[in-house]
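Visitor: Those protein sequence lines, which keep their order, are chains A and B.
Each residue of the first sequence is one higher than the last, beginning at 1 in this note's numbering.
Each residue of the second sequence is one higher than the last, beginning at 1 in this note's numbering.
Hints may contain errors.
Cut-off 27 Å, straight-line C-alpha distance, at most; resulting in silico cross-link-like pairs (DSS-like, lysine-lysine) [unchecked claim]:
#1 A:K315 to B:K32
#2 B:K62 to A:K532
#3 A:K315 to A:K603
#4 A:K359 to A:K532
#5 A:K359 to A:K375
#6 A:K529 to A:K492
#7 B:K62 to A:K109
#8 A:K325 to A:K467
#9 A:K315 to A:K404
#10 A:K657 to A:K532
#11 A:K467 to A:K532
#12 A:K109 to B:K64
#13 A:K315 to A:K168
#14 A:K446 to B:K62
#15 A:K7 to A:K198
Just so you know, the hints here were simulated from the structure itself, not pulled from any lab data.
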Amino acid sequence: MIRALHKYFGLVATVLLLVLALSGVALSLVPTWDKLTSPTLNESELTVGELAARIAVHYPEVEQIRRAPSGQITAYYYANDQPGAVVVDPATGAGVSDYEFSPIVRWLKDLHRSLLLGDGGRMAMGAAAAGLLLLTISGAFLIARRMGGWRKVFSPARGTLSNRLHVKTGRLSIIGLLLASLTAIYLVLGTFEIMPQKTARAPFPAAVSGEMGLAPADMQALAEVPVRELRSLIFPYADDPTDVFTLTTDSGEGYVDQGTGIMLAWDNASTLQQVTEFIYLLHTGEGAWFWGLVLGLMVLGAPVLAVTGLIMWVKARRARPSLPKGVPAQKADTIILVGSESGSTWGFAGTLMSGLIAKGHGVHAAPMSRFAPEKYSHAKQIIVLAATYGNGEPPASAKGFLDKLAALETAPTAKLAVLGFGDRQFPEYCAYAKDIETQAAEMNWKTLLPLDTVDQQSPQDFSRWGKALGEALGHELELAHVPVQPRTHGLKLVSRRDYGLEVQSPTSILRFALPRASLLNRLRGRGWKRFKAGDLLGIIPEGSNIARLYSLASGTQDGFVEICVRKHSHGLCSGQLFDLAIGDEISAFIRPNPAFAPAKNRKPVILIGAGTGVGPLAGFARANHKKRPMQLYFGIRHPESDYLYEDEIGQWQSEGKLSKVSIAASRLKQVDYVQHILQRDGANVAEQIKNGAQILVCGGRGMAGGVAEALHEILAPHGLTPAELKAQGRYLEDVY
Amino acid sequence: MKNILTTLALTTALVMPGAVMARDITLTGTLKTYGGQGAYLAVYVTNANGGYVGTVWVGGGKSKYFQHFTHWSRATGGNVGNAMTGASVGSGRTFQVTFNLADTLIDAGYQLRIDAAVENMRDAPSDIVIPLTSDNFGTANSGRRYVRSVFLQ
C-alpha cells in the first residue's frame, strides 16, 4: 500500500516537483548572494536615528529605509520628483548602487510559487508540496522496510545503480525535503488565508503633537533601536504635521512623533507572527544564508530521486514479462498462482494464460503471496506454478502461501493443479512444489492433475503438461513456450591458467575483463550487475539456449570476472570455455547467489572445497580485507599439477587473509581426501565452531557428502550436528 | 453640519446611486512600467487636508496586503466596506473604474487619492492626488511613483 502510494504520487507529480525543486534550489542561492553583495554593518551598536541622519545627508527627501533579512539596507527617496531607490552603506549613509529587485529572482519566485499562473498555479504548487511530503514520508518507510528495519536504515544500499542512488540520495535529502514541504504547505495556507495572518498595522495613535522638524538623530525613540533589529522606517509625508514615522523592528511596530521624537504607540509582534516568520526563514533561508545553502543542497536530491525512481519503475514493469489481460479474481474460472524467484516462471504463466484465454477461459493471474481463496467465487480450477529457491525454500513471490493455506478451515472448492519448476541437478528438486502438494493432500483439496515438474525450464516438459491439462479441462491445449533470455554482455578473456593435465583433470582458471556499460545503460539497470564471490556467472554457449552456471571466484571490487572451469569430456560449455584464447569473447550474465556467502560479522570462517570448488572460496579469501580468521581445507589430486591458486594462497596467508591452509592430495602416496584432513584437524574445527564459526562447502556432491559425514563425527562429542548449523545459517553448501 | 451632509451624500451616492444629485465618473488610470509584480491600488476620496472621506475602489486580491496602503489603511483599518473591489493592475497596464460621485463633492476642496503598493518595492501612499474640480475633469493628472496618469471623465 505504501509502495503503491509512493509510486503513483511520484509518477503523477514528477514534472511539477522537478520545477518546484529546481527553482527552489536556484532561489536558495539568493540569500548567500545578497549577503555577499550587501555592504556589511560594522558598527554593531549603530542606531536607527543615526542611520537615518546619515542617509538624510545624501538623500534629503528620503521616504523609506528598509533593512532586508540579509542585512542589506535600501533607501527610497525622491529627487526632483523622480523616485529613486539605492542600496546604502550604513557606515556613510551614501548610496552604493541603485536598488532593483532582480527580475530573474522575481521570475524564479513567481515560477516557484505559482508556475507563473496566479492563484490557480499557487494551488497546484501547494498540492505538489503536499505530494512531496507524502512521497518523503512513504519513501522513508520504504527504505526502512527494504533495509530490514529502522535501525538498519543506514546500512549499505544494494541493487542496481538506480536503486542504490535512489536510496542513498533519499537518506541524504530526507530532512531537507520534509522541512521544505512542511513549511511550504504552511506558507501556501497562509497565502490563501486559511492560516491566520497579520492583516493590519498597529492602530494609529489618537493624538499627534503636531510639531515638525526634529532631526531623526535627536529622536529618543529612534536612538533606542539598533539597526540590526530594524526592518523598516517610513518617514512622514512632507509638510503634514499629522503624519508620523512608522517604525517596524524585529520585535514589533510603532509610530514615532516627528516633532517630539517619542514613541506614540507600539504593537508587539504576536507569537503567530514570529512563528510565521520562523517558518518563512526555514523555507527560504532569507537571513540565514548558510541554512539556505544546506537546504538547497538537500532539495537538489529531488531531481535525482525523480529520475532514478522513474527508471526503477520502468525497469520493474519490464522485468515481469507482460501477461495477457486477464479478468478480476471474482469473475475468473481459472486462477493461476505464480511462485517465481528470478521471473522466468512468470514467462511460463504468460504462455499458459494466453493458451487458456484462447480457449475461452476467464483467467486471473497473481503471485502466490496474494493467495486469496475467498475471492475466487467462480473458480473451477486453481493452477499453481511454483519454482523452488535454494534448498526447497519458497521463491520470492510465494511468501506466506503455505501459511495461508494451512490457516484455511476448508479446502477451496476449485480443483488444484501444481506444476513445479526446478533443476534435477539439485537434490531438492521441486521440493517446494512437493510441499504444496503434500499440504493440499492433507487438507483433502481435490486435484485436477497430479503434481508434475518442469526441469531446467524445458519447453518440452511444459508442453507435455499442457496437453495433460487440456485433457483434464476437456479441450486441446497447445503451450509453446519461448523462454526469455536474460540480458547478456560480452566478456573478453584476459588471462588463463591451466592445471591438472597430468592428472587427467584439466582445469583452468579463466579471468575475464569487467564489461563496461554507458551511464544511461547502468541507470536503466542494463549494466553489468554488481557481483561478489559466491555469485553465479551464467554462460550461454554457442549452439544452445540454456545457460550453464559457474560459481564466481572474484567480485566487482577485484576488477575482473574469474571462474574455475573443469573440462568435461562431453561438456558443450566447458569444452568451448577450454578452447578460449586470450581476447576471445563469451556471452554471460550474473545471477546473484546471496545464500552462499560469509556472514557479515567477524566470526571465523571455515572454507572447504575440492577441485574447481575452490573458486568461490578463493574469492572469499581474496575479499577478506578485514582479516577475519579464515581456514581453508582444499582437496586436489597432486600438488604439482592441480594446486589451483597455489601462489595466491601463499600470499593471502602472509597477508593474514587466510589463517590456515590444509591441502589434501589424492594422488600422493598418502591418499587424502578433504574429509580426512578435516577429521585429523577435528579438535581445531570443533573449537572454531564453538566460537561461532561458519562453514562454507563448495565442490562435487560426493565430496560434500563425505564432508558432512566427517563433520557429523567431529561435532557429535560436542553435542552439535550439521543439521543444526544449517538451520542457523552457519553451514552453507554450493554443490554440483 | 455641512460635513455630516456631505458624508451622508457620499455614502448614499456610493450605496444608492441616483438617489442624490450625482454623476457617473469614469476614472481611467495608467500605470508606469515600473517592472514588478501587479500593483495593489486603493482609490479614495479625502478632504483638502488628506482626511479620509470614503473609498471608491480597491484593486488587489489578498486583503492582508492592504496594510501597505499606508494612508488609506490608517483611516479605514484595512476595511474595504461597501467599496467596489477588483484585481491588481500590472506594470504599464490601464485600469478603469466607473463610480457615482455626488455633486456636492465637486469643487468643494475634496481630493481623489490613490495609494499604491507593489511586492518587494516601495509603498507609495498618495501616489497621485487629484483635486476634485470641474476643470480637472477631462485632463490628465500625473502620479509620482507607480501611477503615470489618471483621467477623470
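Visitor: Indicate, hint by hint, whether the structure satisfies it.
Guide: We went through each hint and held it up to the structure:
For the hint linking K315 (chain A) to K32 (chain B), the alpha-carbon distance of about 55 Å lies beyond 27 Å, and the restraint is violated. About 62 Å separates the Cα atoms of K62 (chain B) and K532 (chain A), which puts this hinted pair outside 27 Å; it is violated. The hinted pair formed by K315 (chain A) and K603 (chain A) fails the criterion: a straight-line CA distance of about 38 Å is larger than 27 Å. Note on K359 (chain A) and K532 (chain A): the hinted pairing is violated, with a Cα-Cα distance of about 47 Å set against a maximum of 27 Å.
In summary, the hint linking K359 (chain A) to K375 (chain A) is supported, as the alpha carbons are separated by about 23 Å, within the 27 Å threshold. For the proposed pair K529 (chain A) and K492 (chain A), the alpha carbon gap of about 16 Å is at most 27 Å, so the pair holds. Taken as a hint, the K62 (chain B) and K109 (chain A) pair is honoured in the structure, with Cα atoms around 18 Å apart against an allowance of 27 Å. Distance hint between K325 (chain A) and K467 (chain A) is fulfilled; the C-alpha atoms sit about 23 Å from each other, no more than 27 Å.
Distance hint between K315 (chain A) and K404 (chain A) is unfulfilled; the C-alpha atoms sit about 30 Å from each other, more than 27 Å. Proposed proximity of K657 (chain A) and K532 (chain A) is supported: the alpha carbons are some 17 Å apart, at most 27 Å. Taking the CA atoms of K467 (chain A) and K532 (chain A), the gap is near 42 Å; set against the 27 Å cutoff, the hint is violated. Using a Cα cut-off of 27 Å, the hinted pair K109 (chain A) and K64 (chain B) holds, with the two alpha carbons roughly 19 Å apart.
Distance restraint check for K315 (chain A) and K168 (chain A): the Cα-Cα separation of roughly 19 Å lies within the 27 Å cut-off, and the hinted pair is therefore satisfied. Taking the CA atoms of K446 (chain A) and K62 (chain B), the gap is about 72 Å. The hint is violated against a cut of 27 Å. Distance hint between K7 (chain A) and K198 (chain A) is unfulfilled; the C-alpha atoms sit about 39 Å from each other, more than 27 Å.
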